[in-house]
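Novice: These are the residues of each chain, in order.
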Amino acid sequence: MTKNKTVSAHQISHENVDKLKDISGVNVYACYQCGNCSSACPAVEFMDIPPHQIIRKVQLGFIDELLESETPWICAACITCTVKCPRGVDIAKVMEALRQLVLRSDFEHGNLCEIEDKLRKKLPQIALIGNFRKTIL
Amino acid sequence: MKRVGVFVCHCGINIASTIDISKVVEDLKNYPGITFIQDYKYMCSEPGQALLKEKIKAEKIDAIVIAACSPTLHENTFRMAVKSVDMNPYNCEIANIREQCSWVHNNISEATEKAKRIIKSVVEKALLDEDLEPVRVPVTRKALVLGGGIAGIQSALSIANSGYEVILVERQSSIGGRMAQLSETFPTLDCSQCILTPKMVDAGQHKNIRLMTYSELDDISGFVGNFKVKIRQKAKYVDWEKCTGCGLCIEKCPKKVPSEFDQGLGKRKAIYTPFPQAVPNKPVIDCENCTYFKTGKCRLCEKVCPFDAINFDETDSFIEEEVGAIIVATGYDVYPVLNMSEYGGGKIPDVIDGLTFERILSASGPTGGEVRRPSDGKIPKEIVFIKCVGSRDPEHHYPYCSKICCMYTTKHAMLYKHRVHDGQPYIFYMDVRAGGKGYEEFYQRAQEEDKVVFLRGKVSKVYQDDDKVVVCGIDTLSGSNVEIRADMVVLAMAIRPSKGIEELAQLLKISIDQNGFLTEAHPKLRPVESLSAGIYLAGCAQAPKDIPDTVSQATATAAMISNLFSQEYLLHEPIITGVDEELCSGCGLCVAVCPYDARKTNREKGVVEVNEILCEACGACAAACPSGAAQQRNFTDTQLSNMVKAILAE
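In order, the protein sequences belong to chains F and V.
Oh and the first sequence: position 22 is 22 in the numbering used here, straight run, nothing missing.
To get the numbering used here, take the position in the second sequence, counting from 1, and add 137.
What the hints contain is simulated information worked out from the structure, not anything from laboratory work.
Quantities reported herein were computed from a predicted structural model and do not represent experimental measurements.
It is possible that part of the hints are untrue.
[Claimed, not checked] The list that follows gives simulated cross-link-like pairs (lysine-lysine, DSS-like), each with its CA atoms no further than 27 angstroms apart:
{"no.": "1", "chain 1": "V", "residue 1": "K220", "chain 2": "V", "residue 2": "K190"}
{"no.": "2", "chain 1": "V", "residue 1": "K588", "chain 2": "V", "residue 2": "K605"}
{"no.": "3", "chain 1": "V", "residue 1": "K404", "chain 2": "V", "residue 2": "K393"}
{"no.": "4", "chain 1": "F", "residue 1": "K57", "chain 2": "V", "residue 2": "K554"}
{"no.": "5", "chain 1": "F", "residue 1": "K57", "chain 2": "F", "residue 2": "K121"}
{"no.": "6", "chain 1": "F", "residue 1": "K93", "chain 2": "V", "residue 2": "K598"}
Work out the full structure: start from the sequences and follow the hints.
Specialist: Written out as structure tokens, the structure reads:
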């Protein structure tokens with residue numbers, strides 16, 4: 001049995017939730033959990049938390065859990081979820097905001113020098129930039 | 138000078154918490170024109186009103202200003218109170234210091250200052266108020282009901298049973314409306330037609346009801362108690378006086394077209410009655426599909442008719458009537474499945490709307506009550522129902538809840554299971570709204586006894602794969618995406634006001650909301666009236682609702698109308714804009730701006746005259762008048778200017 005989660009006023013208005021709202025500009029409280037985003041998402045089977053649950057966790061302030069989730073990094077930003085949403089919640093923007101929250105924290109962006117010269121020259125630039133924005137494994 | 142008394146209400150803490158009432162009373166004590174001022178906790182209470190009456194007598198007061206809530210709430214209360222002590226009610230004025238002051242401010246000293254100014258300005262108005270008497274208007278005791286569905290039938294019967302005449306107008310050739318199309322009704326599962334048709338027959342035979350089917354409202358003028366209406370009787374091409382409804386013409390007619398009543402699943406002839414229990418049970422010719430009208434040849438119906446009732450030369454006719462009240466009960470349409478391309482609406486034949494499924498379930502329907510899918514007539518073994526399709530979707534369709542779908546979808550799944558015992562129904566839902574008598578129990582029965590599988594979530598797409606209809610959705614409770622290879626899909630489409638509601642609302646000068654539903658006068662306290670006096674609303678034209686709610690609302694409109702008709706005469710607000718004939722030059726500017734046609738130029742006298750009954754005191758004429766001849770009673774230019782001065786004074 002998993003440990004009970006605490007829901008509290010403090011947590012629901014956590015500073016990271018506010019930051020997420022500021023970055024994304026999305027009103028997550030419009031979501032009524034129909035699940036259409038998850039139902040339509042082409043990458044959902046690879047995600048640890050499906051998109052509708054991401055929004056739900058933001059509503060409840062379980063933000064720490066989201067910062068550790070794989071989901072925002074699996075998200076391909078195809079915007080199918082946003083197009084499908086009956087309530088106008090831009091889920092793709094929330095995903096991007098979650099990535100930003102992680103990237104703006106103390107985060108290991110990777111070191112170009114650690115990549116072998118030979119390999120580095122072969123790598124397309126876009127992949128390198130992508131790596132900076134995401135992570136070097 | 139008039140002696141004006143001011144009463145300042147605390148309204149508990151509603152006013153007193155933001156406005157320093159003792160300061161208001163103290164500062165205004167010596168304001169010129171105020172003879173007497175007092176505060177009280179609740180002016181609208183019995184003791185508050187008693188205080189008012191007592192002081193009017195004791196202080197010999199001629200006019201009253203109550204500083205309290207909005208006049209829409211208690212103006213009438215106080216006017217009645219002053220009337221009982223022989224003061225003309227139009228000498229009682231309300232200074233709104235709640236909605237326009239205490240509720241919208243939080244700085245006490247500024248709000249107190251504003252409240253004082255509001256009171257001063259209303260005192261200035263009261264000083265010049267005249268005694269007025271309401272205008273008496275006669276009333277025509279006959280009602281017009283627009284729409285012959287269950288709402289229209291019920292209200293017509295109720296009014297007729299109260300002894301008043303009713304004209305029931307329906308645009309189809311038979312009354313019955315949507316309810317006639319339904320199979321069985323939730324939560325009791327009684328047959329819809331069995332409970333409706335007796336009422337239809339009653340309406341058809343009632344001595345006080347004049348049925349006008351295949352007709353529409355063409356024009357209207359007048360006002361409450363005195364409407365003049367013009368009704369267009371569409372050409373039927375059948376003389377209903379001669380026709381006995383024998384049906385020979387229908388039998389012989391060679392032209393078949395999809396039946397609207399069966400939602401396109403079955404066929405009807407070009408000369409037809411929509412369904413066997415139609416009232417009146419007389420056919421009409423659909424001239425758009427009739428072979429004779431299209432090619433000039435045929436006239437078979439004319440040849441076989443034993444009563445010589447067919448008349449191809451018939452044209453639309455018009456009937457003019459005077460009525461005292463109108464009920465708008467024009468019902469709903471189903472949002473077409475064509476709008477749901479992601480669900481294959483309009484492309485996949487086995488994706489249909491709920492109303493079409495009603496016809497499939499109906500014993501008198503195109504399949505005789507057997508559940509067979511439209512494409513190949515197979516009995517579906519797995520069937521998916523999707524709720525909230527087009528409803529609750531502000532982003533792409535309609536934002537509102539269509540209210541009836543939760544229950545009828547549950548009913549559909551249940552009835553399907555009763556017909557196909559080895560079949561499996563699934564319902565995709567987001568919330569179950571089963572808030573009615575016996576509704577929750579009905580929903581539980583579907584889960585427990587009929588093994589309907591409820592999946593909580595929305596469907597993202599539906600597509601055809603061989604002879605299966607594949608439904609891709611989610612069950613958010615288990616957190617898994619689900620896929621169902623079904624034989625048939627039923628969409629609980631949103632319901633919206635029936636076609637033509639905008640034009641009708643415009644004709645009747647009543648308002649509609651952003652979704653096209655008719656607007657009631659007050660969402661809680663006046664739910665069956667429109668904002669135009671004498672026009673009432675019943676059924677789904679006002680908002681989505683089920684049969685019990687519709688019948689309740691329809692009966693309520695009848696009660697309102699009986700109330701109206703039981704009065705000897707109607708009283709019209711005397712605050713109207715008159716004409717000072719000394720000042721009027723007869724320029725006619727006011728005639729042009731009047732939205733109610735209340736003003737006319739009298740060419741002989743060279744002045745404008747006013748129909749006091751039509752005038753709604755909007756003041757457009759008073760603003761337009763260049764000479765000041767058009768003055769609104771108790772809102773004269775002098776009063777308004779004094780009020781503004783009082784507000785702006787240092």
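Novice: All hints are to be evaluated individually against the structure, with a verdict given for each.
Specialist: Going through the hints against the structure:
1. K220/V - K190/V: Holds, at about 9 angstroms.
2. K588/V - K605/V: holds, 22 angstroms
3. K404/V - K393/V: holds, 6 angstroms
4. K57/F - K554/V: violated, 38 angstroms
5. K57/F - K121/F: violated, 42 angstroms
6. K93/F - K598/V: Since the Cα atoms of K93/F and K598/V sit roughly 23 angstroms apart, the hinted pair holds (cutoff 27 angstroms).
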